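Asks: With the sequences and hints as input, model every part of the structure.
Protein chains in written order, with my numbering: chain A, 1 to 133; chain B, 1 to 603.
Hints listed in this document are in silico derivations from the structure and should not be mistaken for laboratory results. Fair warning: this is a prediction, and the values are worked out from it, not measured in the lab. Take the hints with a grain of salt, since some may be wrong.
[As the list claims (entries may be wrong)] To give a feel for the contact side, a few chain B residues facing chain A, derived at Cβ under 8 Å:
no.	residue
1	K390
2	A391
3	M402
4	L424
5	S425
6	N427
7	F547
8	M549
9	R552
Positions of the beta carbon are idealized from the N, C-alpha and C atoms, including for glycine.
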Amino acid sequence: MKLRHLLLVDDDPTINFFNRYLIGKMNIFDQIHVAENGQLALDKIEELQKIGETLDMILLDINMPIMNGFEFLDHYEKLSDKIKSSVVVCMLTTSLAKEDLEMSKEYDLLSDYIDKPLYEAKMRELINKYFGK
Amino acid sequence: MSKCFILILFLSCFSGLLFGQGLEANKTIRNKQRVNYIYNVTEYITWSNIGDNSSFTVGVYGEDKDAMIKEFRKVALRKRIKNLPVQVVNITSVEGIKDIDILYIHKKSGVNLDAVLPKLALSEILLVSENYPFQASMINFMDFENELHFEVNEKQINDAGLLVSPQLLTFSIQQQKDWEEIFTQLEEEQNKIEVQTNKLESLNKEIDLQKARLDAQRDQIRAQQRSLISQEGDISEKQEELSRKLSEIAQQKRELSNLQELINRQNDEAFRLTNTLEQQEDSIQIRKRELLQQRHKMSEQEESILNQSEAINEQDAEINSQLEKMRSQGLLIYLFAGIIILILALIFFAWREYRRKKRSEEEVRTQNKKLIALNESLDSFVYRVSHDLKAPVINVKNMITMLKEHTNEEEASLVPKIIENLELSSNRLDLTITDLLELSRIEKVDEIRDEIQIEEVFHSILPEYQVELNKIGAKVELSFKDNGTYSSFSEMASVLQNLLTNSIKYRRKDTLLVVEISTYDKNGQTNIDYRDNGQGIDLKQFEGKLFSMFQRFTSDQSISGTGVGMYIIKRLIDKNNGTVKLESQLNKGLRYLITLPTKRPKS
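Replies: Written as structure tokens, this is what we have:
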């Protein structure tokens with residue numbers, strides 16, 4: 001089984017470069033999209049919706065300029081269920097702050113919370129957990 | 001008797017409306033009856049040669065203006081006699097009796113009919129009289145109790161050459177006795193009227209007297225009114241003066257209440273200021289305590305960071321030279337890079353180990369509740385810092401992983417990209433550590449404050465930016481006026497450096513940068529007005545975050561930064577007892593309004 005769309009939301013270009021390389025190599029998704037902050041992520045979702053496509057997964061960082069991860073989730077929550085229903089949203093962050101972890105638990109639509117760096121094994125585990133046969 | 005009539009007429013004119021109207025109307029009716037009667041009489045008399053005349057002429061003894069004549073003329077306009085138009089003339093003397101067909105004489109005219117009758121012989125003039133004695137005239141009538149009674153002297157009529165119809169004779173009073181009976185009653189009636197008239201006259205006199213008295217009283221009242229009017233003038237003058245005084249008093253009252261309000265406002269303000277001051281003092285005390293605690297922690301941490309930073313800086317230099325070599329030496333590069341990066345990673349792990357160890361040491365002292373609290377307050381700062389430190393280190397690790405994979409592959413197209421990212425990450429590490437040092441320094445050191453000139457501070461930092469400013473064609477416009485302030489020279493230098501750095505970093509691509517700095521004195525404070533025409537910040541979106549640590553307001557990845565610049569500006573201005581405010585619009589530049597104390601505070 002191959003999934004269609006993954007969205008990486010992170011402001012660090014090196015992280016995006018690496019994660020795109022790592023996940024690309026695993027050959028799970030048809031397309032890997034990148035957004036540098038929450039606002040650009042919302043734009044990307046709208047753009048996909050216009051061509052009738054929906055995301056399968058979002059990997060979301062917390063600390064970003066313009067619109068951070070939590071602010072993105074506040075906006076994302078208001079989108080129609082049709083857009084959200086099949087999407088797995090996962091926090092992927094280096095933030096060590098306990099309050100960030102606490103805050104993450106407030107969001108029901110957040111499926112998982114994992115630390116950077118991302119390894120192939122971690123990614124595989126996620127995929128199996130949410131899209132496994 | 002005629003005197004009596006005249007008197008009644010006279011009274012009716014003077015005694016006012018009460019009598020007058022009724023009497024006048026009564027008289028008019030009687031005149032109408034007379035005229036009617038005369039018209040009727042003509043029906044029974046034959047004038048033998050009347051057919052030759054073009055009109056029938058009626059003579060009335062009396063003045064032309066008499067009511068009887070007027071009435072007759074009115075009737076004559078529409079009523080003919082013997083089918084001829086009727087003319088009415090007045091006769092004033094016996095000599096004047098001629099060219100008429102009928103003559104009417106009332107007893108009150110005073111004419112003696114014995115003088116008239118001979119003149120009428122064969123004249124074909126019919127004499128009609130009123131109130132004369134029996135058989136003294138041709139046709140004589142009297143008006144008694146609204147009924148006309150008449151007697152006819154046929155002989156006299158025939159003497160005048162006229163014929164009378166026997167029918168008229170049958171209606172007339174035939175006996176002198178009958179006539180005189182009525183005549184006497186009429187006279188009695190008229191006497192009664194005379195008595196009443198006399199009474200009326202005396203009443204009139206009384207009325208005149210009363211009128212005179214009333215006039216006198218009226219004059220008196222008028223005089224009193226005049227004096228009242230003059231008194232009123234005095235009073236209104238006094239009233240005017242009074243109202244002037246009242247309005248003056250009201251004005252003074254208003255002024256007083258304004259003053260009162262002003263005082264109240266000032267009191268409120270003073271009260272509020274006192275409250276604020278108290279609150280600020282409290283928060284300063286708390287902040288001081290925190291700072292002392294933090295300072296203690298920070299100095300420990302700083303020591304370790306300094307060590308790390310030195311090591312990293314050395315490694316950094318080494319990496320750079322190694323990278324140069326690697327580029328020229330092909331595949332060997334990867335090996336060297338790998339080693340260097342491994343060293344970096346080791347340093348990181350050592351640092352992390354050290355921190356873990358330090359944390360475990362702290363755990364040993366968990367019994368000390370104060371230290372736990374202190375640690376927690378530091379936590380959020382450390383977490384934020386660690387995020388910023390960890391991210392580039394993770395990147396370095398990831399790049400090493402990628403490099404390892406590509407070392408053994410023939411296809412190595414990603415290698416330059418990996419090296420580029422390595423460089424990016426180590427630069428970021430350097431930047432973050434530099435900022436951390438700066439942050440720890442501003443929290444730790446209490447710089448010496450003095451009376452300094454902002455202009456001097458600015459010119460001390462300008463040289464390090466001059467080359468960059470020239471390169472990008474930027475213009476700096478200065479207007480230093482009243483720029484003396486009591487603050488730390490080095491901290492103000494740091495503020496200006498951060499301001500300039502941000503203006504250069506976040507300038508607009510389509511416009512040459514213009515920076516305007518002006519200073520002036522306002523309300524005993526030195527104001528710095530700093531403006532640029534750069535990208536600006538959307539205040540609506542970022543209002544609450546502006547001066548927070550590690551906040552960036554751009555998504556442009558090509559501009560490096562850690563998001564501490566504005567935090568440092570705010571922190572340093574606060575430290576120097578100043579205020580800072582930001583005005584900005586996206587793509588329209590921004591403006592900092594900074595105030596600083598002008599003089600050393602009185603201790």
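Asks: What are the numbers of the hints the structure violates, in ascending order?
Replies: Of the numbered hints, 6, 7 and 8 do not hold.
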